[in-house]
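> Chains as they are written, first to last, in the working numbering: chain A, 1 to 351; chain B, 1001 to 1804.
Just so you know, the hints here were simulated from the structure itself, not pulled from any lab data. Model, not experiment: these values are computed from the prediction. For each residue, glycine too, the CB sits at the ideal point set by N, CA and C. There could be a bad hint or two in this list.
[To be verified] Which chain B residues face chain A? A few, computed with CB under 7 Å, are given here: (1) V1196; (2) L1200; (3) Q1526.
[Stated by the list, open to error] Now the in silico label distances, taken between C-beta atoms and shown as ranges: (4) N1072/B <-> R272/A: 11 to 21 Å; (5) D1067/B <-> Q69/A: 25 to 35 Å; (6) G1182/B <-> D244/A: 53 to 63 Å; (7) G1182/B <-> G279/A: 50 to 60 Å.
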Amino acid sequence: MNAKACLFYLCLAGPAMAQGFAGLGSDSGGFALPQEGTVLNFPQDHGPHPQFRIEWWYVTANLHGADGQSYGAQWTLFRAALSPGEGEGWQSPQAWMGHAALTSKDSHHVAERLARGGIGQAGVTFTPFVAFIDDWKMASKSAPGADEIADLEVSAAGTDFAYDLTLSAKGPIVLHGQSGYSVKSPEGQASHYYSQPAYKVSGQITLPGGPVAVTGQAWLDREWSSQPLSANQSGWDWFSLHFDDGTKLMGYRLRDSGAGFSVATWIAGDGRAEPQAPGALRVTPLETARVADHDIPVRWRIELPGKGINVTTKALNPNAWMNTQVPYWEGPVTIEGSHQGEGYVEMTGYQ
Amino acid sequence: MYTNSLVALLSHWWRKPLQLAMLLLGLSLATAIWSAVQAINDEARASYARAAAMVGQDRLPSLFAADGTYINQAVYVSLRRSGWSVSPVLEGTKRYGDVRLRIIGIDPLTLPAEARQVDVVAGGGGSLREFIAQPGLFYVSAETASALMDEQTPPLRIVKSVPPGVAITDIGQAQVLLGAPGKLSRMILSPQQPLVQVPLAAAAPGLVRKEPPAESAMSRLTDSFHLNLTAFGFLAFAVGLFIVHSAVGLAFEQRRSMFRTLRALGLPSRSLVLLLALELLTFAVVAGCVGVAMGYLVAAMLLPDVATSLRGLYGAELEGTLSLRPSVWGAGLIIAILGTFASGLQGLWQAARMPLLAPARPRAWALASEQQILVQAIVATLLLVMAGGLLMFGTGLIAGFALLATLLLSGALVLPLLLMLALKAGTWVSRGAVLQWFWSDTRQQLPGLSLALMALLLALAANIGVGSMVSSFRLTFLGWLDQRLASELYVAGRNTAEAETMHDWLVPRSDAVLPIWNTEGEVMGQPVLIYGIVDHATYRAKWPMLEAMPNVWDEVAAGKALLANEQLARRNHLKLGDSVRLPGGHALPVAGIFSDYGNPKGQVIIANDLLVRFYPEASRLRYAVRVAPAKAADLADALRSALNLPEEAVIDQASIKATSLKIFERTFAVTAALNVLTLGVAALAMLASFVTLSGMRVAQLAPLWAMGLTRPHIAGLELLRSLALAAVTVLAAIPLGLGLAWVLLAVVNVEAFGWRLPLYIFPFEWLKLGLLALLVAGLSVLLPAIRLMRLAPADLLRIFADER
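If we strip away everything but chain A, and leave its shape as in the complex, we get (with noise of 0.2 Å):
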């Protein structure tokens, strides 16, 4: 899971919440809350729901240059509402907020936008799926009839770097927890969540450079709810890997004054999912390094031993700072040990 949209939530929150992510713990105002039980229904789901607080849209995709490099390639669309519903023109209480960044072993390129709801300047249709803040667009490329977002479109540009990819799904949507139903905390916050973890990518990235051609493989992730931290969680840090025999693991950790919550999914070849059950999943930072005034876990060990997974991620680029308005560090990583292969790790409450 990816739960910067929190920071989203806080961004327009401002630092009015002493602890941690707390905001998000506190009661849900007038939003709708995720129900357990609740079937997903597409193409419906892949567009927003404003009657939850925040909601995205979160490609991380691995790339590799014609020119031999390895790159990192995000685009993220959060959904925040000021409250439940929608309203007319500026009235609209949805605010947007994007978020793009593309990462080589050297540079880390981050842009950011922020738009009302209302006017057209941001929002998401699912028929055709669109996905748009300003310039930057997910476009559903789906033959008719197919699943919307088996095929896609995605661009971004910011002042020093831009990409245009072309996503091709090669497996089907993964749902997390039960039946997208997302725990988060042994209290029981929750979130709706599913993935499409098995693009394969084509197209150009342009930096400052010049451009470069890059195939790889990409992954996205949809997120909606309205209380997804408990109290006293401070921070996560969140893993999707692409493992080279073709199986995948997304898995995440929710940090607090103990053990902290874990939770993960492994995903077999075929795009079969099996949840696994909370505190299955041991992460371990082995590895820090200083950046941009944070200690920042740079090295993972990850282990589902129930899989047979006991690896290390390593970041292809440890200064992969997002200098957002809320900060918090994004980046691909490589992978070794019992497995190999690549994947993307965020971290987020970090001091």
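Chain B: place on chain A using the hints.
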């Protein structure tokens, strides 16, 4: 030794407290006026800077509609979606009771950091929600908040960074409040733009990019006003220095014997000068501090008037409170010290060069040097030539003020020559030894008095000049008000529907109901109000036209021409027949130019049909009503009660005139106050000079007494002398003052305000001022004269024993 010497030097002041008081008073008064003016100017500039910085317009370029109208919101969205980092702004004014509020609508999410005045998000997520959701928020200054207290506005949040008269609110609220749904005034371009963009012309045609101005429009517009204040501050300071000069000069002369004694006791010349300099520095610091404090009080007192003036003249909003700016007060102190040394330099120089064995006799017999007077007159002539050159070839306000300065300086320099000639004439026509002596002796005193008389001349001329300007302006303004406000009643609806109802109600009950509809747009690069009028005898008969084509009203009524106000015409050098391009690209020739005093903005009048056709969004709220004057009050009451209207919805001509006049009076209140202060300082300078001279002249008067003139007779002659000198100065001040008035009206006003006024002459005012000057002159010599009358014969006798 140093301590003893210093105590000896200072003991002089102990014995002459009046002299000390004069010195300190002159210096602190001069510093006070100077600092007050600087403080006011500084405060105003800070205000303008705050206003100019509103939503980054002083730093960031913006996109405007090329035709000067609104931008559609859809254009904004399509620009954003083409990769342009722009942020929407809608600005406009809305009236809340008596407050004309400038509303600035912003989108807090896209506003670049450089343009952020208020941090909408900082107060927590709730703040953004409150800002966006109905009824929204107004971010205003404390002053605006108290003015809006009883009005139906959205909830107010007080912030320091917003200038008075401005409210920052959400763009969505602004569109509703300003009645411009889906419209924007401009889009701010963020300094950071993405790598990939659709070219601007393709993404959103019909937009023009404007760079932030190097200087804010308000500071350019108000420059004249502040230059005016600065000029007064300088004048007062210069006059104040005359006082310091005479007081310091006197103290040095009187202590010559003490200097000699100290030197004889072994105090080196260098040390003596050092001690004297130390003494001056002490006085300068003490008087400077007092002056700065007084200046703060004066500034605080004048600031509300200045604020009213600036609002009335330029629509500039100024906080009515003064903040303590260390730079201004530090500068005040430094200028006090510099001024003291400038006026004491001569004394210090003489003390340094004084031979040890120099006679201790005060040198009251300084020879009147005719040569020096001639040199001054030549310099005066050169200055006058320069003034002529400035008048012919100079442009701009600075040239106008330079013209004033050269004129005043030239007048001051030529004064000693005039006085000399007058005194010589006196000698020729006089019979009898006493009178002959009187004239020659006065001539001998000219060098000592001429500085003080010059100060008086400057103060009097400034008074006459400024007085004539204000009175001429007042007379013209009153006549203009009568022409401009020809209708008996003026009504305004709160919305178009209400205005229409008022119109329909009034039509059967009055002689005529004339629309005063208007819109605002950009003409020749400046914001201009565009009015629509219908063809009516009211306009044909009364409109204050300065220049017009013969068939002006037919042309305007037919929609074939427009009228421009004098400001717009002068700023753009418009002549009759010149074509003016209105917003939206409509061009019409100028058929007439009308006077429009007290209005900072340009104004254009076109036929009402044309206004409605070109600008359907024009405000249709106001009407002028013609009715028999006797019935006006009843009609107003009937209208109010019939439609249940508030008091201010219907205004009669008389109260508009009264309000306009009140603004006018306050506009010149500051000028008048500074005028009086300057005259006061000049009076003090005269007093100081006469006291100085009289103290030294006992030696010259003693022989007269010995020859049989009584002491009252001598005192009477002293009084007569000062009156004669003052009278000549007054006579010289009148032409100089008139010249000044002419320059103010025909040069400075045109540059500063955009209108030229006829000069009216007020001889009765000169008479009053002349008498006042004579009174001041008489009073200033009264003290020395009384002292002379009471001088013990023994003291007069001692002159012969001691000094000769």
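> Output the numbers, in ascending order, of every earlier hint that fails for this structure.
Violated: hints 2, 3, 4, 5.
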